[in-house]
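Asks: Each chain, written out:
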Amino acid sequence: MQLSKKLIMKKQFINLRFILGLFLLIGIASCETIELDLTEDPLAITPDSADAQLLTNQIQLDFVFFAETAGEFGGDVTRIGQMAGRQYLAAYGPTTFDRLWQRAYRDILSDIRIMTPLAEESGLSKNVGIGQFVEAYVLVTLVDLFGDVPYSEALDPENLNPMADSGEVLYERAIELLNLAIVNFNDDVAPDPDNDFYYDGNFQNWVKAANSLKMKIYASSRLVDDSAVTSFNSIVASGDFITSTSEDMQFTFGANEVQPDTRHPEYAAQYTGQGGGDYMSNWMMDKMDTSNDPRIRYYYYRQNAVTPGADGEDPNLELLACSAAVAPDHYDGFTFCYLSNGYWGRDHGNAQGIPPDGLLKTAYGVYPVGGQFDDNSFSAISQGSGGGGAGIMPILLASTMDFLRAEIALVSNDPASAETLLQSGIEKSISKVRTFGALDADADLAGFEPTNSDVTTFVGDTVSSFVANTTEGRFNVLGEQFFISLYGNGMDAYNFYRRTGYPSTLQPNLEPSPGGFIRSMLYPQSYAATNSNASQKPDQTVRVFWDTNPVSGFPFSN
Amino acid sequence: MKTKFSGILTLLLAFVVQVSFAQTTVSGTVTEENGPLPGANVIIKGTSTGTQTDFDGNYSIQASPTDVLVFSFVGFSSQEVTVGNQSTINVSLAGDNALDEVIVTAQGIKREKKALGYAVSEIASEAIKENPQTDVARILSGKASGVQITSQSGLAGSATNVIIRGLSSFSQSNQALFIVDGVPFDSSTNSNDSFQDGNNGSSRFLDLDPNNIESVNVLKGLAASTLYGSAGRNGVILITTKAGSAKGNANKKAEISITQSLFMSEIASLPDYQDQYGGGFDQAFGWFFSNWGPNFSPNGASGYLNDPSGSIAEDGTLAHPYSTASFSADFPEFQGARYEWRPYDSVEQFFRTGVTSSTSINARGGNGDVNYNMNFGHTDESGFTPGNNLVRNALSIGGNAKLSNNFRVAGTLNWSRTNFKTPPVASSTGSGTSGSGSSVFGDLFYTPRSIDILGLPFENPTDGSSTYYRQNNSIQHPLWTVKNTRFSQETNRIFGSANVFYDLNDDLVLNYRFGLDTYSENNVNSQNRGGIDGTVATQSGIYQTWNNTNKIYDHFLSLSGQYDLSESIGFAFNVGATSKFEEFRQNGISSAGQNVFGVLAHFNFDNFNFIEDFVQRNVVGVFAQTSFDYKNLLFVELAARTDWVSNLSVENRNITYPSGSISFIPTQVWSGLKGENGGGINYLKVRAGYGTSAGFETRYPVAQTLALSTQTFQDASGANVVTNTTSTRLGNPDLKPERVDEVEVGIESRFINNRVSLDLSAYSRKTQDLIVDQPLDPSTGFTTTSTNIGEIQTKGIEADLGIGIIQSEDPEGFNWDVNVNFTTFTSEVTDLGNGDTEEIVFAGFTNLGNAAREGETLGVMVGTTIARDDSGNFLIDSAGDYIVDNENGIIGDPIPDFVTNISNTFRYKNFNLGFQFNYTQGGDIYSQTIATLLGRGLTTDTENRENTYILPGVLEDGTPNSIQINNSDYYFGNVFTGPSELQVFDATVVRLQELSFGYSFPERFLEKTPFGNLSITVRGNNLWYDAPNTPDGVNFDPNVAGLGVGNGSGFDYLNGPSAKQYGFSINATF
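Top line first, the protein sequences correspond to chains A and B. The first sequence runs 1 to 558 under the working numbering. The second sequence runs 1 to 1070 under the working numbering.
Mixed in with the good hints, there may be bad ones.
Said to hold, decoys possible - Computed Cβ-Cβ distance ranges for the label pairs, DEER-style:
(1) B/504 / A/45: 30 to 40 angstroms
(2) A/384 / B/947: 16 to 26 angstroms
(3) A/533 / B/609: 38 to 48 angstroms
(4) A/314 / B/315: 20 to 30 angstroms
(5) B/602 / A/314: 30 to 40 angstroms
(6) A/314 / B/947: 27 to 37 angstroms
(7) A/156 / B/947: 57 to 67 angstroms
(8) B/603 / A/533: 33 to 43 angstroms
(9) B/310 / A/438: 23 to 33 angstroms
(10) B/319 / A/311: 40 to 50 angstroms
(11) B/461 / A/314: 24 to 34 angstroms
(12) A/441 / B/345: 28 to 38 angstroms
What the hints assert, rightly or not - If you want the footprint, here are the derived chain A segments under chain B, 3+ residues with CB under 8 angstroms:
(13) 51-59
(14) 201-210
(15) 271-284
(16) 357-371
(17) 397-411
(18) 508-519
(19) 525-531
As the list claims (entries may be wrong) - Below, a sample of chain A positions facing chain B; criterion: calculated Cβ distance under 10 angstroms:
(20) 175
(21) 354
(22) 416
(23) 420
Honestly, the hints are just simulated from the structure, not real lab data. Every residue gets a Cβ at the ideal spot worked out from N, C-alpha and C, and that includes glycine.
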């Protein structure tokens, strides 16, 4: 075995044809296996096929879900809805807001960034305007919920760690956007968008909505901006804002259950074979029940005529565990656990497990989610019952404008105007809500709808109590009525509550020491943990820029 | 495609054609016990003329009849044969030392084990065949150090995680590569949905019939697997089937062997339920999820007569759950009926005893030049869960032939059909499923003791919908789930290989191999309308049918040669190129809204939706490997490979990675080490290896896409509105492959007359430029991007110890062998980018999952924790419960401290007895099973209900907590629904993995029978286990993958009861 010997190539008969054939076979067989440029996803379209109209559709849809989620948080902390959390710090963990944050930036603002240049190129000014309006609303709502949030550095693929802008700057930016939107809405040459889910092509109403949003912004910032009240009043003077319920900015849902599910999300969660979904707020039901509020049968549907523990009923440990318990000391003067007349909800902060009460507890009514009208039938809700979920999401209401104006009048020492505006706000809210009875075709409306005199009595009583009260009491009446009118979207209540501290009559948290009230929400986990320029707040008591009220002992019910 | 198939057919046909040979020289094959022996020396005695056998052990030499041929190979006894008039001389060399085995390494290259500078574990067919487990991966459990096998659950056909040496990446798959007969074999798990919504589907190595496996080698380190390119990154399970190993022996007749086995399976992790208390809360009766109700005895503080709800009458009965208003219309027969207040043992009776029957027939034969093997296997396994069944038919044909014109051909062709059925399994958090579908276990385990599952009608007589005891009917009856839901997966698979060798001369061989693996997986997921769990669509009835077609075409071309550079230095090389084409295509229809109850066909549904997916990727590689040996005592191997991948940008498309290893055998140098009479160190090898590999992103990470939906919403007229939206993923054209580097050192040794063997390996592995699905702050406009950041370091030790405690000289005497293996490793995230990212949760839920955090173990479990004050005390609220800290905190570490397996084999005469224990120390598990069973008051752990609890901690004012809470507040309000931290338990477990007792009939009994061999074995699997740090009554088995197959670990969502199996098998050869 010598090296030399090994390296001498032996003469061999090599079947050349066979070798060639072999390589040919390899060649043919490997054509598709050596293709090295497969970078495009064959099952996706590319960004250059983006369509401004299709994007505008998506922006409008994402907007309503954004507003709905924000409105629910705002409502739950202000007792319009029920908050489950004995500690304000822990009631909403950072991941709670991940979807909302994503909806705001990833979905809405990112789509607007792409839609706007495409729409401008095609002369679709109204689409551009809708984008600007939505962007302004989203910005304002993010600031109201969280405080400082990214904007000027946001939405840039080159910068994965955008810095937050101050809430104040974003409020200014929102006003700018709304001014631009108004110009675009007034562009008579531009065609209407393919779909307008809010005003069905009525761009005068869009202008009113933009001005109304500006009024909301000025009202919110009045504690830090001396000119805010003036700016507010100048829009009032122009009259070009939402004054009639026919101009209300709202989104109308459908009753289709799947592919797509067009129902109001709260209806979809509650109107199932087993019931479920949210608990109604005991504070609000009690307030409406004891004040003979004509809206109560539209807001709430009672599945059961009585609630355990109430009205002489036996307590029921299975269905309402607290019905056998004693009210905590700090609940003196407030209802605890159960209400009369079958109103079956939960107290503020109650975070107990869920008993099989889905088909017994009080459900959302026909307003605004499109559920059932309460006609004393006391039967279980079911999938498809009532309005089938074809309710609305209120975004900016004529009544809201009246309540905001009433607030401004009160702080401007003009109780007479405040009284008029309070009355007008309540009346607009009631008249709006009353139209919803027709959504529930199976209900006995004739037997149970409030009469006009019921309404008059209620409005009269409420306004008299306002007039008869001290300033503090007036703020309470105004706040309570404002909150009731905001059923379905509590963001404006949350702002009012932090701005004024009223009403001071809200049911406290079941926990005697729940920590400071949520002055702003903790930042979403997806922001705080993935953005190197972001850090989580120390706790929930951090105030947004316009909130100059005391850190502790405020708002007054907490 | 036609070209390829016809090519394969030609190759396959080739070896059934009888060929004739030129007889001008002496030729033959040198074999050893396990097959051909490459590199053996064939020398004409007394001369320097000689040759070496090629890769298949073949040689050919010019010799005269008087010559004596000397066949030698290190580690084997030399053999001398006089040529005479023979033209073919086949020689089988016997090992003079069992250490010097030849084993199959990467790309089918056979090497002497002692020449290897890296660890390879071998598992013989004896350890695999006739096992109650039908899944080859599960059989490997505990058989080799460094290999971690986790079952998704005890369901027959459920998926299995196979991870070697821990995680080295958290975005890429960490599942080991399966190579069957030299070609890549897809081992994916195609679940129908996420772990949350429906986690059904088998791991595709289930298509392999364990009884058709000849041997399994495990290449653990990167130095071993470099030649497989990036696919070999996670270690390689090299499987040689009987068909692939068809080896001839001219002296042996054709042989047929038949194996028949029958095994029973039962649920192993049945909780130990208490029988004192029934459904309710706070000792008051209620038709609840929970079991905190009154006692089954009438008197005493918690007796049912003292129940404040007063529901149970003195005679121990109460109103039948179907007698109440909500059910009265549908069940008039229960009006006024009474229901006995007693424990019903419902869960116990829900499960059944499963049966597994396996038949395997193998035929083999040949004359040394043309050899064949055929195997047919049939397995029918019904699991312990009703509705769960697995049927597999597998046919395998293989052979090889030596042609006259320097060609040799070999091939295998396998067909299998695997039919898997199960009721759906998905995660549950203790009150129904948490996702969009149903789960057979999701509503079962926490059934209150006072509920009679089998006695309560589960279908509404009017519309077939589920009915159950809870008064708003909000629990899906488990029997309804069994009857009305189904997931099935029927897989038809063809895989095989064709190999052509051309001997250019005695030293150079050209090899082309084509590997094919293609399967078509027909999935059906259905549920009749009327369910309770899941989405509205699921409740309306769903019928989803789709097909997954997966293809792998693998081409491999190599030139290899070997030379002796001098008397003492040998040299071998292997250069080649390979290409791998992978395609996954999914097509189907998802229907919802069933009309006629029970009819499962798309026409019967209101809504249809598409199911589609398509992914294609090519990887092309070139490689070179050289090895040198010096006097059989020093071996050096160097290799490198460059890969190109098709789904990255041109500039980032390729990566080159080298490897090298060295092996040194001191016992060859200093023979004195062996000691007197061999009582010292008989054999010692010291080795070191350095290996690298790469990880490539799957799918299309570079592409920027736009979404279009036709089903987002409807306009006022009810017409669907089409929408566009930007992609949530930011395409990254700069994405590179990730790179893994590993250094490994080890020793292999034998002592005391070869009675004791010890193999030790230590390794350190570093992954850089990790491909990470980096979560982006959505304010960037995107939620994720694939990017390269960070570094992971894994360090581990593996040891295999074998001791022949009793070795009898007498072949029929008593022998006792013990084998122990030991694995430990740590995996730390040493870098996570430039501080952009604090945490990446890569498995599970974002607020309860496995995360990467700098400085922590990779896969550390994060979730909500108990809030603590500045001094670290737990904070307690005024109700006496823990305050939750909602920010993600570390709640556990799923990686065990170590894992060890101890197996004992006893042989005496024709009997053998074996058992294998497995012990896992440490590692945490978040167990929803434990939390739910305690939280709902079901197991014996919760029997003592009179006590009160004071949670350790301080109140918010800083004073020590003194608030008493009761049993249900403690278990339900804290352990079950409190911070996630409280649901984490230590997963230490000891397990009797296998127990077997066999008898083979002595040959003298068989002489007059047609049998060559006949043996019978009784065997059990997972017959006993104990997880000592979990509550006793729950009987929890931590071998569960609640997040499914993937990189998640340490989570259980009530989805994985485990199985125990026992039975017997008979093996006969003819």
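Asks: Hint by hint, note whether the structure agrees.
Replies: Now for the hints, and whether the structure bears them out:
A hinted range of 30 to 40 angstroms for the beta carbons of residue 504 of chain B and residue 45 of chain A is inconsistent with their spacing of about 52 angstroms. Distance hint for residue 384 of chain A and residue 947 of chain B: a CB-CB separation of about 48 angstroms, inconsistent with the stated range 16 to 26 angstroms. The hint said 38 to 48 angstroms for the Cβ distance between residue 533 of chain A and residue 609 of chain B, and at roughly 41 angstroms that hint holds. Range check, residue 314 of chain A to residue 315 of chain B: Cβ separation about 22 angstroms, and the 20 to 30 angstroms hint holds.
A hinted range of 30 to 40 angstroms is violated for the C-beta pair residue 602 of chain B and residue 314 of chain A, which are about 52 angstroms apart. For the hinted restraint 27 to 37 angstroms between residue 314 of chain A and residue 947 of chain B, the CB-CB distance of approximately 29 angstroms keeps it satisfied. Evaluation of the 57 to 67 angstroms hint for residue 156 of chain A and residue 947 of chain B yields a pass: the beta carbon distance comes to about 59 angstroms. Checked against the given bound of 33 to 43 angstroms, the beta carbons of residue 603 of chain B and residue 533 of chain A, roughly 56 angstroms apart, lie outside it.
Taking the beta carbon of each, residue 310 of chain B and residue 438 of chain A are about 45 angstroms apart, not inside 23 to 33 angstroms as hinted. For residue 319 of chain B and residue 311 of chain A, the Cβ-Cβ distance of about 24 angstroms falls outside the hinted range of 40 to 50 angstroms, so the restraint is violated. A hinted range of 24 to 34 angstroms holds for the C-beta pair residue 461 of chain B and residue 314 of chain A, which are about 33 angstroms apart. A beta carbon spacing of about 49 angstroms between residue 441 of chain A and residue 345 of chain B contradicts the range 28 to 38 angstroms that was offered as a hint.
Evaluation of the coverage hint for the stretch 51-59 of chain A: fulfilled, as 5 residues show C-beta separations to chain B shorter than 8 angstroms, against a requirement of three. Here the stretch 201-210 of chain A counts 0 residues with a CB under 8 angstroms from a CB of chain B, which misses the bar of 3, and the coverage is violated. Requiring three or more residues with a Cβ within less than 8 angstroms of a Cβ of chain B, the coverage given for the stretch 271-284 of chain A holds, as 5 such residues are present. With 4 residues having a beta carbon nearer than 8 angstroms to a beta carbon of chain B, the stretch 357-371 of chain A meets the requirement of three or more and the stated coverage holds.
Only when three residues or more bring their CB closer than 8 angstroms to a CB of chain B does the claim for the stretch 397-411 of chain A stand; here the count is 0, and the claim is violated. Three residues within the 8 angstroms Cβ limit are the bar, and the stretch 508-519 of chain A against chain B gives 4, so the coverage statement holds. Residues of the stretch 525-531 of chain A with a Cβ under 8 angstroms from some Cβ of chain B number 6, which satisfies the need for three, so the listed coverage holds. Checking residue 175 of chain A against chain B: minimum C-beta separation of about 21 angstroms lies over 10 angstroms; hint violated.
The beta carbon of residue 354 of chain A is positioned within 10 angstroms of a beta carbon in chain B (closest approach about 8 angstroms), and the interface hint is therefore held. At its closest, the beta carbon of residue 416 of chain A sits 43 angstroms from a beta carbon of chain B; the interface hint therefore is violated under the 10 angstroms criterion. Interface hint status for residue 420 of chain A: violated, as the beta-carbon distance to the closest one in chain B is roughly 36 angstroms, over 10 angstroms.
Going through the hint list in order, the structure does not satisfy hints 1, 2, 5, 8, 9, 10, 12, 14, 17, 20, 22 and 23.
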